[in-house]
Amino acid sequence: MKRVLVYIDEEAVEDSLALLEIGRRLYGEQGFCAYALAAGGGSGEAGRRFDYVFRARSGALPNFEAAALARCIAALHQAYGFDVIVFPATHWGRMVAPRAAARLRAGLVADVTAVGSEGGEIWMARPAFSGRLLATVVCRGGGPVMLSVRPRVFTQRAPALKSAEFIDIDVPDTPAPGVRLIERREKPAVRDIRESAVLVAGGGGIARDFPLLERLAQALHGLVAASRQAVDLGSAPRAIQVGQSGKIVSPRLYVAIGISGASPHLAGIRNAEYVIAVNPDRQAPIGSLADIVVEGDGRAFVEGLLERLEAPRTQSHGGRG
Amino acid sequence: MKILCLLKPVPDVDQLRYDRARNVLVREQARLILNPEDATAAATALEIKRAVPDTYLETVSMAPRGARPHLEDLARRGVDQVTLISDLRYAGSDTWATSRVLARYLETRDYDCVFCGTHTLDGGTGQVPAQLAELLGLPVMVGITALAELDPRAGQAVVEVDGERALLRFAVALPAVLGFQYNPDRKLPYLRYADLNRDVSQQVVVLGNNALGLAETELGLRGSLTQVRRIEVDALETKTPLRLRADQEGLDTVCHWLEQKGFVQP
Ligand SMILES: Cc1cc2nc3c(=O)[nH]c(=O)nc-3n(C[C@H](O)[C@H](O)[C@H](O)COP(=O)(O)OP(=O)(O)OC[C@H]3O[C@@H](n4cnc5c(N)ncnc54)[C@H](O)[C@@H]3O)c2cc1C
Ligand SMILES: Nc1ncnc2c1ncn2[C@@H]1O[C@H](COP(=O)(O)O)[C@@H](O)[C@H]1O
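Chains A and B, in that order, are what the protein sequence lines are.
Residue 58 in the numbering used here sits at position 58 of the first sequence, with consecutive numbering throughout.
Residue 143 in the numbering used here sits at position 143 of the second sequence, with consecutive numbering throughout.
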């Protein structure tokens, strides 16, 4: 039986648990034993989906203790001999994974969006050059296959419910902890743009009119998103930034208003089903991904569209039904 | 204080062209730029050097020799030593092989802190900083949006990270590897006119594996733990959009389209 270890990022528990899907794609539902390392939290949730859940005996070992976590992973691998070790490609997953891989002298592939096996060898696909090309990569050497996986790329169909065996592990001795958390300020919770089927995104060309975008998003039952430029200008919070250094989204409809379509932005929207772009610049690269390009002023477009979308509704209250 | 800053020259992604007939990515014309996050790191280091003049700043790049003229400008911008690690045998290195080379060189240097980017534009794996830290036995933090304090005497740096759910502040024990996030406001200083053609050859050090002495089996493709099997450029496939104007007719068309696709009720 194959053994798959999933690293649970306590800041992104659901996204981490969903990585079980990797095991399923590679080995089939019954073909592997599922292990979770939930040292920092999330062990309860993991317990309902995995066969074994590792916890730290000495209490929570948070994500930022990357050096200690890497040692835990290496020690667990010595004891269990995993075939595959999966990390969520979150900020923390991507800090722990390379340390662990370096300890194990194992190949590590980052930001994977597809996996499979061919002739007994596991291959992984990942975007490179801001998503402008897709590389298929294999690991060499004897170590476990290690990968970090983009959150939300693999969706899990109805996860089977399990009742895991919990295993408390001792954290191997590490030289004096090098990283200490001294302050944590929660950010206001915003709805996750990755969960919306419709996104109305604004960029540098419409930075002053975000309230207007909010209305359009409401009319389309979607959420507002933003380019980096709009975020840097202070028009939108970082949490709704789309792109390479923001969120990778896959809505059914992406309306890009006043967004040029630089590569780092396009990297975030390649999986959108439909794209409507509004931009006075005919040459704007956003056009390369768009189904419709409206050449013109973003504000005029939104106002005109709102008139049309909001008007019929008021009429229907008038009895048209 | 001594800061080492890792800098990778990368092709400017926006200048890459896709040759549909040959199904290849044309990289030749793309000019080299400094990876933007690395430029943020270097600019931060130069600011520190301006504030604390006895700071010694060295940049370290593993790149083909062709990158030299590009890197030389860094010396003209105030970097004390520009190190280029270059060897034909390093071609094809993955992040592991790259980290090994960088680690081997760093072991020969003494420093208070290693600055770098969080990830690169071309590969974008973001693995080098943490792998390097593991090889050197140092703490690491990446995704840094602000450096609040860097105090070698107190042996710590205080950094800010814009996390998914919270703004976080960490104290990191020095020496450490600190990976910065791209910040468009933190740019490398302009070259002064007087410096444009200044001879900086004394400040540029080029070295290869003869100096570093890694075993042949540790180099390039052979020393890599991952291997690229196939590259697909389908991702560059472009759509042919319907082009409209933001006038009555264009808006009507958009509305109709939205209804047709079920995004609004007719
Ligand atoms: C390391 C790195 C990471 C990055 N990560 C991201 C990322 O995750 N996400 C991201 O978005 N960017 C990212 N960027 C930045 C990216 O390169 C671009 O700078 C950014 O996407 C530009 O945003 P923009 O198109 O909204 O703004 P601008 O470049 O300012 O473009 C504005 C657009 O609006 C149009 N416009 C002007 N007037 C109007 C009008 N009246 N109505 C409508 N349109 C109008 C213009 O024609 C133009 O196309 C990153 C850059 C780097 C270096
Ligand atoms: N060849 C290299 N030379 C110097 N620094 C590098 C090199 N490769 C990566 N780095 C550093 O490591 C960071 C992350 O790179 P990567 O892991 O390749 O995405 C970069 O932002 C650089 O600071």
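Honestly, the hints are just simulated from the structure, not real lab data.
Each hint should be verified, as a subset may be incorrect.
[Claimed, not checked] Simulated restraints on C-beta separations:
#1 B/K2 <-> A/G141: 32 to 42 Å
#2 A/G119 <-> B/R222: 17 to 27 Å
#3 B/L207 <-> A/G59: 40 to 50 Å
The structure displayed is predicted, hence computed values, not measured ones.
The beta-carbon is built from N, C-alpha and C at its ideal position, and this holds for glycine as well.
Evaluation of the provided hints:
1. B/K2 <-> A/G141: 32 to 42 Å: holds, 35 Å
2. A/G119 <-> B/R222: 17 to 27 Å: holds, 22 Å
3. B/L207 <-> A/G59: 40 to 50 Å: Holds, at about 46 Å.
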